[in-house]
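J.: Sequence:
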Amino acid sequence: MQIKLKKRFLKQLANLPKEVRERIEVFVFEQLPNLASIAESGKIEKMQGFDDYFKIRFGSYRVGLKLENDEIIVQIVMHRKEIYRFFP
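Just so we're aligned, residue 3 is where the sequence shown starts under our numbering, counting upward by one.
Possibly wrong hints are sitting among the right ones.
Said to hold, decoys possible - The calculated lysine-lysine pairs, modelled on DSBU-like cross-linking and capped at a C-alpha distance of 30 Å, are:
id: 1; residue 1: LYS83; residue 2: LYS48
id: 2; residue 1: LYS45; residue 2: LYS6
id: 3; residue 1: LYS20; residue 2: LYS83
id: 4; residue 1: LYS68; residue 2: LYS9
id: 5; residue 1: LYS9; residue 2: LYS20
id: 6; residue 1: LYS83; residue 2: LYS6
id: 7; residue 1: LYS68; residue 2: LYS45
id: 8; residue 1: LYS6; residue 2: LYS20
id: 9; residue 1: LYS20; residue 2: LYS8
id: 10; residue 1: LYS45; residue 2: LYS20
id: 11; residue 1: LYS57; residue 2: LYS8
id: 12; residue 1: LYS68; residue 2: LYS8
id: 13; residue 1: LYS57; residue 2: LYS83
id: 14; residue 1: LYS9; residue 2: LYS83
id: 15; residue 1: LYS48; residue 2: LYS8
id: 16; residue 1: LYS45; residue 2: LYS57
id: 17; residue 1: LYS48; residue 2: LYS68
id: 18; residue 1: LYS45; residue 2: LYS9
id: 19; residue 1: LYS68; residue 2: LYS83
id: 20; residue 1: LYS13; residue 2: LYS45
id: 21; residue 1: LYS13; residue 2: LYS57
id: 22; residue 1: LYS48; residue 2: LYS6
id: 23; residue 1: LYS68; residue 2: LYS13
id: 24; residue 1: LYS68; residue 2: LYS20
id: 25; residue 1: LYS20; residue 2: LYS57
id: 26; residue 1: LYS83; residue 2: LYS45
id: 27; residue 1: LYS83; residue 2: LYS13
id: 28; residue 1: LYS83; residue 2: LYS8
id: 29; residue 1: LYS68; residue 2: LYS57
id: 30; residue 1: LYS9; residue 2: LYS57
id: 31; residue 1: LYS57; residue 2: LYS6
id: 32; residue 1: LYS48; residue 2: LYS13
id: 33; residue 1: LYS9; residue 2: LYS48
id: 34; residue 1: LYS6; residue 2: LYS68
id: 35; residue 1: LYS48; residue 2: LYS20
id: 36; residue 1: LYS45; residue 2: LYS8
Stated by the list, open to error - Here are the computed distance ranges between Cβ atoms for each label pair:
id: 37; residue 1: GLU21; residue 2: ASP72; range: 10 to 20 Å
id: 38; residue 1: PHE88; residue 2: ASP53; range: 28 to 38 Å
id: 39; residue 1: LYS83; residue 2: ALA38; range: 13 to 23 Å
Keep in mind that the hints were calculated from the coordinates and are not lab data. Where a beta carbon is used, it is the ideal one built from N, C-alpha and C, also for glycine.
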């Protein structure tokens with residue numbers, strides 16, 4: 003699977019606390035590109051009511067993903083209180 007990162011995601015990632023940022027970076031930059039499918043990872047959950055949108059939990063933070071034509075688009079990372087106002 004191909005991975006595409008949005009500018010918005012990268013900006014938000016830079017502003018996160020260091021320990022959370024490092025965990026997200028390891029998953030998104032090292033583990034996610036090696037997956038054959040989204041179902042292969044136990045961390046990725048489907049968003050209710052949306053077929054192509056997924057989330058990954060990292061403590062109190064969430065990463066929002068979109069699956070489009072065998073390509074994973076990493077769109078957003080925010081605190082769990084805020085993300086559902088902006089994603090999907």
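J.: Take the hints in turn and mark each one as holding or not.
T.: Structure-based check of all given hints:
1. LYS83 <-> LYS48: Holds. LYS83 to LYS48 sits at ~18 Å (cutoff 30 Å).
2. LYS45 <-> LYS6: Roughly 19 Å separates the two Cα atoms, so the pair holds.
3. LYS20 <-> LYS83: holds (19 Å)
4. LYS68 <-> LYS9: holds (15 Å)
5. LYS9 <-> LYS20: Distance ~19 Å between LYS9 and LYS20 Cα, so the pair holds.
6. LYS83 <-> LYS6: This hinted pair holds, its Cα atoms lying about 25 Å apart.
7. LYS68 <-> LYS45: holds (15 Å)
8. LYS6 <-> LYS20: With a Cα-Cα distance of about 23 Å, the restraint between LYS6 and LYS20 holds, given a limit of 30 Å.
9. LYS20 <-> LYS8: It holds: about 20 Å lies between the C-alpha atoms, which stays within 30 Å.
10. LYS45 <-> LYS20: It holds: about 20 Å lies between the C-alpha atoms, which stays within 30 Å.
11. LYS57 <-> LYS8: holds (15 Å)
12. LYS68 <-> LYS8: Given that 30 Å is the threshold and the Cα spacing comes to 11 Å, the pair holds.
13. LYS57 <-> LYS83: The given pair, whose Cα atoms are some 14 Å apart, holds under the 30 Å limit.
14. LYS9 <-> LYS83: holds (21 Å)
15. LYS48 <-> LYS8: holds (19 Å)
16. LYS45 <-> LYS57: holds (8 Å)
17. LYS48 <-> LYS68: Holds: LYS48 and LYS68 sit about 10 Å apart, inside 30 Å.
18. LYS45 <-> LYS9: With Cα atoms ~23 Å apart, LYS45 and LYS9 stay inside 30 Å; holds.
19. LYS68 <-> LYS83: Satisfied, since the Cα-Cα distance of roughly 20 Å is no more than 30 Å.
20. LYS13 <-> LYS45: It holds: about 23 Å lies between the C-alpha atoms, which stays within 30 Å.
21. LYS13 <-> LYS57: It holds: about 18 Å lies between the C-alpha atoms, which stays within 30 Å.
22. LYS48 <-> LYS6: holds (18 Å)
23. LYS68 <-> LYS13: Since the Cα atoms of LYS68 and LYS13 sit roughly 18 Å apart, the hinted pair holds (cutoff 30 Å).
24. LYS68 <-> LYS20: It holds: about 25 Å lies between the C-alpha atoms, which stays within 30 Å.
25. LYS20 <-> LYS57: At roughly 20 Å apart (the allowed maximum being 30 Å), LYS57 and LYS20 satisfy the hint.
26. LYS83 <-> LYS45: holds (19 Å)
27. LYS83 <-> LYS13: With a Cα-Cα distance of about 19 Å, the restraint between LYS83 and LYS13 holds, given a limit of 30 Å.
28. LYS83 <-> LYS8: holds (21 Å)
29. LYS68 <-> LYS57: holds (9 Å)
30. LYS9 <-> LYS57: holds (18 Å)
31. LYS57 <-> LYS6: Holds: LYS57 and LYS6 sit about 15 Å apart, inside 30 Å.
32. LYS48 <-> LYS13: holds (24 Å)
33. LYS9 <-> LYS48: holds (23 Å)
34. LYS6 <-> LYS68: holds (10 Å)
35. LYS48 <-> LYS20: Distance of about 27 Å is within 30 Å: holds.
36. LYS45 <-> LYS8: holds (20 Å)
37. GLU21 <-> ASP72: 10 to 20 Å: Cβ of GLU21 to Cβ of ASP72: about 32 Å, so the range 10 to 20 Å is violated.
38. PHE88 <-> ASP53: 28 to 38 Å: violated (19 Å)
39. LYS83 <-> ALA38: 13 to 23 Å: violated (33 Å)
Hints 37, 38 and 39 from the earlier list are contradicted by this structure; the remaining hints agree with it.
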